[in-house]
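All residue numbers in the sequence shown are consecutive under our numbering, ending with 411.
None of these hints come from the bench; they were simulated from the model. Be careful, since some hints might not be right.
Stated by the list, open to error - For each label pair, taking beta carbons as the anchor points, the in silico distance ranges come out as:
no., residue 1, residue 2, range
1, Glu-136, Leu-241, 43 to 49 angstroms
2, Asp-284, Ser-209, 22 to 28 angstroms
3, Pro-240, Lys-290, 23 to 29 angstroms
As the list claims (entries may be wrong) - Quick list of in silico lysine-lysine cross-link-like pairs, DSS-like style, CA-CA up to 30 angstroms:
no., residue 1, residue 2
4, Lys-140, Lys-168
5, Lys-215, Lys-277
6, Lys-374, Lys-389
7, Lys-169, Lys-125
8, Lys-122, Lys-168
9, Lys-125, Lys-168
Predicted model only: the values in this text are computed from it and were never measured. Just so it is clear, CB atoms sit at the ideal spot from N, CA and C, and this is done for glycine as well.
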Amino acid sequence: ADLYKDLKEPKLSKGQKTLFAEGVSKYGSEWINIRRHIGNIEHRHVVRYYYMWKKTPEGRRVWGAYEGRHGKKEAKRADSTSKLLDDIADEADDSAFDNEKASTKKRGFQCKFCLTRSSPQWRRAPLTLPGATVPAEPSSKKADKGGQLAVALCHRCALLWRKYAIEYKDAEELAKKLQASGNKAWRRKLDDELCAQALVQQETPQITTAPSTGAVVNAVPAAETAPEPAKKKRPLEKDSASASARNSVEPPAKKKAVEKPVEPPPLVPDPPRAKVLPCAICRTPDPTGENSVTCRD
Numbered sequence: 115a116d117l118y119k120d121l122k123e124p125k126l127s128k129g130q131k132t133l134f135a136e137g138v139s140k141y142g143s144e145w146i147n148i149r150r151h152i153g154n155i156e157h158r159h160v161v162r163y164y165y166m167w168k169k170t171p172e173g174r175r176v177w178g179a180y181e182g183r184h185g186k187k188e189a190k191r192a193d194s195t196s197k198l199l200d201d202i203a204d205e206a207d208d209s210a211f212d213n214e215k216a217s218t219k220k221r222g223f224q225c226k227f228c229l230t231r232s233s234p235q236w237r238r239a240p241l242t243l244p245g246a247t248v249p250a251e252p253s254s255k256k257a258d259k260g261g262q263l264a265v266a267l268c269h270r271c272a273l274l275w276r277k278y279a280i281e282y283k284d285a286e287e288l289a290k291k292l293q294a295s296g297n298k299a300w301r302r303k304l305d306d307e308l309c310a311q312a313l314v315q316q317e318t319p320q321i322t323t324a325p326s327t328g329a330v331v332n333a334v335p336a337a338e339t340a341p342e343p344a345k346k347k348r349p350l351e352k353d354s355a356s357a358s359a360r361n362s363v364e365p366p367a368k369k370k371a372v373e374k375p376v377e378p379p380p381l382v383p384d385p386p387r388a389k390v391l392p393c394a395i396c397r398t399p400d401p402t403g404e405n406s407v408t409c410r411d
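All chains, please: the whole structure from these sequences, using the hints.
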């Protein structure tokens, strides 16, 4: 197929081709600006030449390097957000953040589920764009002046989510939902969530929570109160104390078990006796006691 006869591709001079490539690298796919950059060319020729030219190796090189493309913008955003997270990420665990790095760079965290800002360990939040932040101050006026907090998961919410796939919720809110809804399936689901939260609270190690910025908090120790001296007991109090100690030490007397009466042995029946049969011929019993003759046939 002839490009000029069949496809009607416009013929551009060497200078026009150079200006066309410069216009694409500067304006992208804005054909009006490209036509103005070239000068003496019709708009329809620019459009037809553009769709044929961008499939050539030179077109792929020029159009692929254009920074205004949609894919290039998204890649830039992803790179910037990933750099922010990589600066405070934990080197040993990809799903966790390093509190020491966050404290040196003055980066804070806020939990996605319980909204707390202090935790001994922070992990990446699920279903959240990388680099997502929230204002440190709740008011909109101070949001611009104040710093930004990275959205993450605290130690408790991370255990609950990673082990049971349940979002942490306040027990009072769950109780209100339980009272409002009369569905048995919903109540069973809430019961499961409460059980999972209780298990996580038992499994969570007792670690003192550090603030999200990593600053050291100087806790004031409680004043140790000296034990009061023991008062001298009076003789009546001593006697009552000794009596109560005796009563508490001596175990209560056990009840004697009632002895059961011995049952008599069972009666043994007499052995069976053979029945005396009469004579088979005369039908009379043997008065003499002699042995009767029996027929073996």
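Verification of the supplied hints:
no.: 1; hint: Glu-136 / Leu-241: 43 to 49 angstroms; result: holds (44 angstroms)
no.: 2; hint: Asp-284 / Ser-209: 22 to 28 angstroms; result: holds (25 angstroms)
no.: 3; hint: Pro-240 / Lys-290: 23 to 29 angstroms; result: holds (25 angstroms)
no.: 4; hint: Lys-140 / Lys-168; result: holds (15 angstroms)
no.: 5; hint: Lys-215 / Lys-277; result: holds (27 angstroms)
no.: 6; hint: Lys-374 / Lys-389; result: violated (44 angstroms)
no.: 7; hint: Lys-169 / Lys-125; result: holds (17 angstroms)
no.: 8; hint: Lys-122 / Lys-168; result: holds (16 angstroms)
no.: 9; hint: Lys-125 / Lys-168; result: holds (16 angstroms)
In summary, the structure is inconsistent with hint 6 from the numbered list given earlier, while agreeing with all the others.
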